[in-house]
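Here is how the chains run, residue by residue.
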Amino acid sequence: MIPFLLIIVPLAGAALAPLWPNKHTRPWFLPIVGLAHVVMTFWLFLNPPAVVPGAWLAFDPLARAVLPAVSLLFFVCAIYGVTYLQVRKERPNRTFVSLLLAVLGLLSAGHQARHLGVLWIATEAVTLAAVPLLHFNGTPRAFEATWKYLLVGGTGIALSLLGSFCLGYASLHGHGDGNLTFVALMAQGVGLSRPWVLIAWVLLLVGYGTKMGLAPMHTWKPDAYGEAPGIVGALLAGGVTTVAFTALLRVRAVISAAGEGAMADRTLLVIGLFSMLVAALFLLGTRDFKRMLAYSSVEHMGILSIGAAFGPAGVGAALFHVWTNSLTKGALFLSAGNIRRAAGSASMDDVRGMGVLTPRSAALFVAGLFAVTACPPFGPFFSELRLVRAGLETGHGLAIAMFLGCLLFAFFGLTRVVFGIVDGRPRPAARKGAQHMVESPGVILPPLVLLGFSLWLGLFTPTVLTEAWAAAVAQLFPTP
Amino acid sequence: MTANLNVLIGLAMGLNLLALGSSRLPSLIRTMSLQGVLLGVMPLLMEKIDWQIALIALATVAGKGLIIPGLLRRAMRAANIEREIDPFIGYVPSLLLGATATIGAVALAQALPLLPEHAGSLLVPGAMASVLTGFILLIGRAKAIAQVCGYLILENGIYLFGLLLIHSTPLLVEAGVLLDLTVGVFVIGIIVDRIQRAFDSLDTRKLTALRE
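Those protein sequences? They're chains Z and U, same order as listed.
If you want the working numbering, it's the 1-based position in the first sequence plus 48.
If you want the working numbering, it's the 1-based position in the second sequence plus 403.
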């Protein structure tokens, strides 16, 4: 029952929030529903339920390995959201609160989907629910970003449906009975029609890869992350991309059962390295610190894709990286949102000296920078280390060399922008603007907590988490 | 049975080319509307009609044939834009590309294994040709409404492919109706934005504040 409650409770919250009459107390829906979700998720995490093999939705090992990170991220962002919506009193928050909750419910559905069609419906619904969230600021630039997000994301989602159809036809052609749960598809294995499986993989990789933001399908990301509020960026980068990644993992397991695992791994590796390369190059060029976060997200999606290509150990490392990346990115997006509000601009050309004007947010931003560029002792360092080890063990020396090279360039790019806005003497105009900005606990503690989690995951990775990742890997790589 | 279906698919493929050659928005929208109705009728021509299939047919005719074209016309009036389409890729090159895509789709479809009951049908080439035509319009047109029409053709191609699966997994095919919802959001976005503030020409070339 609780696996369904993870979906129903946020959706019920989403339905009730618009009916709530008081605009000032409405944002409290976010942390209340978020808290309920976190409690349920972690209860399930510690007491994993038995999974009925043919179930369409279930808290299976893969959902268990990833969904708690999303839930945690949402809860912390929700606390930030209360203060944020108080600061932004001038904007209506009815749809914003409602749709944020809807996104949480749909993400829970997507992570737990064990059926090709259900997975697609959940991803499609998340894509649509996020549209008005991007448009929250109501500026022409926000409209432009939303349009691009819809056009690119809509095409991606259409292609993933076409890919799902092709996989369905592969099953039908192999005399399948029309059962499109991943378990049934994997059981059919080599019985799936091979040409259709190949076409399905290409389309699903492009489709869900667009949602993840893998290059060259990443073009919506900088605009969307650049113009959306920090809290939305954090949830897109840490939650929505994750659901697309688990979708790809589930599909890859089917492709691998059909005997094309090596081909799937090769494409994942190539597209992952290409994403990292593109991200590193754009990071060296961008002058906008919110767009910078988008390119950093592209880079980390590339890392996840590379991890997925390195066999069981690599997937384990990638699942670890999902946690460290989601929580670290959350801290970066929230602190960047604070800086953006105080500075009134997101461009390096207009912003400098934020270390003086918003010392706490700037400190968090710099610490987050070191965390996300995999400096020890933060979480991403350990997950990427595990990934490097998995790559070397599977004999991908060249790929690892390119991986490390891209990380280095990304480090240069990120530090250039971050220190460009933190250091220096603030402009007089910016000084005046920053007076309105109060670094209250409501906007400082959430990113601090997320950063703390990132540190904790790196230093003391709990055994129960390692076990959860191992169980998910066992689900994706069944021993015959 | 298949013969009748193939006639409709052939007509839909012809409408793809007509859409590529349309130079004015109203005629493009009319083409879309007609294609939507054709697509909606198709499931009724297949064997074994049950209430589920009838429902899909009804939803498709209503969605693709009436509601979306209606919304598009409303968006066009609301935005009060010029009716000229203004292509990035000219009409003749678009048509040539479209024709190449159609031929390529037929050739590729022959290389793919099909079940005996689908062997003589044009569903697979029709689907692929529509998807590619949709891409050409998406990339090759500047006006937002023309791009939405491109997306609609892309989506129609996916629907055509879905017809192959309509008997085995109706749920998956019904899920495709959600894609129409995406188009709805697109168009409503245009209308809402128009009502909120002046956005002069709906020319996506003016959406250039964000670039790298």
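Think of the hints as simulated: they come from the structure by calculation, not from any bench.
Treat the numbers as computed from the prediction; the structure is a model and nothing was measured.
Any given hint could turn out to be false.
[Claimed, not checked] Listed below are several chain Z residues computed to face chain U (Cβ distance under 8 Å; list not exhaustive):
1) Trp168
2) Thr194
3) Leu228
4) Val231
5) Met234
6) Ala235
7) Gly237
8) Val238
9) Asp471
[What the hints assert, rightly or not] Far from chain U, some chain Z residues (derived; all Cβ distances over 10 Å):
10) Leu64
11) Leu83
12) Val135
13) Leu198
14) Leu209
15) Leu433
16) Gln483
The C-beta atom is built at its ideal place from N, Cα and C for all residues, glycine as well.
Ascending list of hint numbers which this structure does not respect: 4, 5, 6, 7, 8, 9, 13 and 14
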